[in-house]
Amino acid sequence: MGRSLRASKAGLEYASKAFKIRGWTQDYLAGAVGCTRQTVIKFLAGRPVAKHLFQAICNELGLEWGEIADLELEIEKPANRNLGIDTERGTTCEIAQEERSTTKVLAPPVSLTKDQNSHSKDRLVITFTGDIEALQKNPDFQSAILALMQSISEDASLTIEKIERG
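In case it helps, this note's numbering puts the sequence shown at residues 1 to 166.
Be careful, since some hints might not be right.
Result set (PhoX-like, lysine-lysine): computed pairs, CA atoms no more than 20 Å apart in a straight line [claimed, not checked]:
1. K20 <-> K42
2. K17 <-> K42
3. K20 <-> K9
4. K137 <-> K162
Just so you know, the hints here were simulated from the structure itself, not pulled from any lab data. As the structure is a computational prediction, the values presented were derived from the model and not from experiment.
Whole structure, please, built from the sequences with the hints as guidance.
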């Protein structure tokens with residue numbers, strides 16, 4: 001399954017109706033989902049959006065994402081991404097994006113912890129050293145990290161809750 005989805009024509013009608021019935025603004029929906037208003041605009045226009053955001057928007061609108069998505073025209077990005085994390089040996093965490101011919105390398109993780117949050121879901125904290133501001137200001141990079149973690153773990157429910165200086 002690809003990294004991006006778009007709504008089918010019929011799905012777009014259902015999504016638009018659900019959005020209008022709720023009387024929400026695009027800003028409100030974006031805030032509820034944890035994305036930008038531009039992502040909501042793309043979703044409502046039937047353009048591709050990241051799979052996890054597509055699913056989250058459908059959930060907020062009370063829709064079954066599988067019934068809304070145009071699965072036959074699913075957008076598939078090149079899968080030439082590699083994530084290597086070895087916390088026991090302290091090696092680097094590397095994200096290679098061959099389709100752009102660039103590689104971003106972050107220093108070894110300072111900490112890797114797992115604890116329980118108040119919702120009884122496991123929470124994994126991964127700490128990197130490097131330019132945090134570049135990461136905070138680059139939603140494509142954040143989406144790439146999230147997509148890689150979801151792909152490797154085979155858990156589409158993974159989310160990035162916060163990125164902060166620590």
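Comparing the hints with the structure gives:
no.	hint	result
1	K20 <-> K42	holds, 16 Å
2	K17 <-> K42	holds, 16 Å
3	K20 <-> K9	holds, 17 Å
4	K137 <-> K162	holds, 13 Å
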